[in-house]
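Work out the full structure, taking the sequences as your base and the hints as a guide.
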Amino acid sequence: GAGVSQSPSNKVTEKGKDVELRCDPISGHTALYWYRQSLGQGLEFLIYFQGNSAPDKSGLPSDRFSAERTGGSVSTLTIQRTQQEDSAVYLCASSLEGVGTEAFFGQGTRLTVV
Amino acid sequence: RKEVEQDPGPFNVPEGATVAFNCTYSNSASQSFFWYRQDCRKEPKLLMSVYSSGNEDGRFTAQLNRASQYISLLIRDSKLSDSATYLCVVKGVQGAQKLVFGQGTRLTINP
Numbered sequence: 158g159a160g161v162s163q164s165p166s167n168k169v170t171e172k173g174k175d176v177e178l179r180c181d182p183i184s185g186h187t188a189l190y191w192y193r194q195s196l197g198q199g200l201e202f203l204i205y206f207q208g209n210s211a212p213d214k215s216g217l218p219s220d221r222f223s224a225e226r227t228g229g230s231v232s233t234l235t236i237q238r239t240q241q242e243d244s245a246v247y248l249c250a251s252s253l254e255g256v257g258t259e260a261f262f263g264q265g266t267r268l269t270v271v
Numbered sequence: 169r170k171e172v173e174q175d176p177g178p179f180n181v182p183e184g185a186t187v188a189f190n191c192t193y194s195n196s197a198s199q200s201f202f203w204y205r206q207d208c209r210k211e212p213k214l215l216m217s218v219y220s221s222g223n224e225d226g227r228f229t230a231q232l233n234r235a236s237q238y239i240s241l242l243i244r245d246s247k248l249s250d251s252a253t254y255l256c257v258v259k260g261v262q263g264a265q266k267l268v269f270g271q272g273t274r275l276t277i278n279p
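First to last, the protein sequences are chains P and D.
Going by the numbering used here, the first sequence opens with residue 158, and the numbers climb by one from there.
Going by the numbering used here, the second sequence opens with residue 169, and the numbers climb by one from there.
Hints are not guaranteed to be accurate.
[Said to hold, decoys possible] Covered, in the sense of this in silico footprint (three residues per stretch, anywhere, with C-beta under 8 Å from a C-beta of chain P), are these stretches of chain D:
| hint | stretch |
| --- | --- |
| 1 | 197–203 |
| 2 | 212–223 |
| 3 | 267–277 |
[Said to hold, decoys possible] Listed next, the in silico DSS-like pairs over lysine-lysine satisfying Cα-Cα at most 30 Å (straight line):
| hint | chain 1 | residue 1 | chain 2 | residue 2 |
| --- | --- | --- | --- | --- |
| 4 | D | Lys210 | D | Lys170 |
| 5 | D | Lys170 | P | Lys214 |
| 6 | D | Lys213 | P | Lys214 |
| 7 | D | Lys210 | P | Lys214 |
| 8 | D | Lys210 | P | Lys174 |
| 9 | D | Lys247 | P | Lys168 |
| 10 | P | Lys172 | D | Lys247 |
| 11 | P | Lys168 | D | Lys213 |
[Stated by the list, open to error] Stretches of chain P that chain D covers, calculated by requiring three or more beta carbons in the stretch to come under 8 Å of a beta carbon on chain D:
| hint | stretch |
| --- | --- |
| 12 | 182–193 |
| 13 | 202–214 |
| 14 | 231–243 |
Read the hints as simulated data drawn from the structure, not as lab findings.
C-beta: ideal position from N, C-alpha, C; glycine also.
The following block contains the structure:
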């Protein structure tokens with residue numbers, strides 16, 4: 158597709174269950190970012206990939222959160238043993254290499270933990 | 169201190185007014201700068217990049233002051249459709265390409 162694609166668009170899960178969120182970046186974009194946004198709040202950085210490696214994963218809130226990227230393309234963010242405070246919109250973005258290159262966002266996955 | 173700081177607002181201005189937003193960043197090694205716009209319950213989208221010499225795109229003007237580590241956005245002749253949250257973004261703060269977002273400034277244009 159032409160843009161960043163995220164799936165699912167909405168996810169309701171029970172507390173304690175694991176969830177996987179998927180991001181398909183724009184073809185050729187080597188940088189990929191995950192952010193979290195709670196209602197009425199700003200974007201919280203989670204992790205950034207350059208190719209398949211993650212130079213900066215400092216934003217992952219706890220060891221329940223993990224992410225991987227394969228083939229320099231698709232990325233999966235996994236949240237284990239979900240808690241109610243994990244409820245938020247999870248946004249993925251991708252960009253070309255280099256400074257000055259803009260990032261394009263997907264429409265996000267709205268996660269609700271009940 | 170946050171890496172990127174913005175006045176959260178909200179700013180409420182009448183249609184046709186000029187409004188200015190400011191943003192400061194903490195790391196002098198930052199390499200590139202952007203303003204994004206986010207509409208309610210939508211993803212952020214690029215409004216404009218910010219260049220050292222300053223740049224203009226229609227009613228929007230962006231300025232960068234590297235010495236003061238300060239970025240600004242000016243909107244002239246504001247329209248109702250300009251109502252949104254404006255996000256200051258800095259790239260290359262830690263590591264080559266990490267994007268750091270400010271908290272955003274909420275703008276409402278009133279008829």
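Structure-based check of each hint:
Proximity of the stretch 197–203 of chain D to chain P, defined as three or more residues with a beta carbon under 8 Å from a beta carbon of that chain, is established by the 3 residues found. Counting residues of the stretch 212–223 of chain D whose CB lies closer than 8 Å to any CB of chain P gives 4, so the stated coverage by that chain holds, three being the minimum. Look at the stretch 267–277 of chain D against chain P: 6 of its residues bring a Cβ nearer than 8 Å to a Cβ of that chain, three or more, so the hint holds. At roughly 24 Å between alpha-carbon atoms, D/Lys210 and D/Lys170 fall within 30 Å of each other, so this suggested pair holds.
Distance hint between D/Lys170 and P/Lys214 is fulfilled; the C-alpha atoms sit about 18 Å from each other, no more than 30 Å. Using a Cα cut-off of 30 Å, the hinted pair D/Lys213 and P/Lys214 holds, with the two alpha carbons roughly 23 Å apart. With a CA separation close to 25 Å, the supplied pair D/Lys210 and P/Lys214 stays within the 30 Å bound. Our distance criterion of 30 Å between C-alpha atoms is met by D/Lys210 and P/Lys174, whose separation comes to about 27 Å.
Among the hinted pairs, D/Lys247 with P/Lys168 is inconsistent with the structure: their alpha-carbon atoms are about 36 Å apart, more than 30 Å. Between P/Lys172 and D/Lys247, the direct Cα distance comes to roughly 44 Å. Violation of the 30 Å bound is thereby established for this hinted pair. Pair hint P/Lys168 plus D/Lys213 holds up; C-alpha atoms about 23 Å apart against a cutoff of 30 Å. Check result for the stretch 182–193 of chain P against chain D: holds, 3 residues qualifying (beta carbon to beta carbon below 8 Å, three or more required).
Proximity of the stretch 202–214 of chain P to chain D, defined as three or more residues with a beta carbon under 8 Å from a beta carbon of that chain, is established by the 5 residues found. With 0 residues having a Cβ less than 8 Å from any Cβ of chain D, the stretch 231–243 of chain P misses the three-residue criterion, and the hint is violated.
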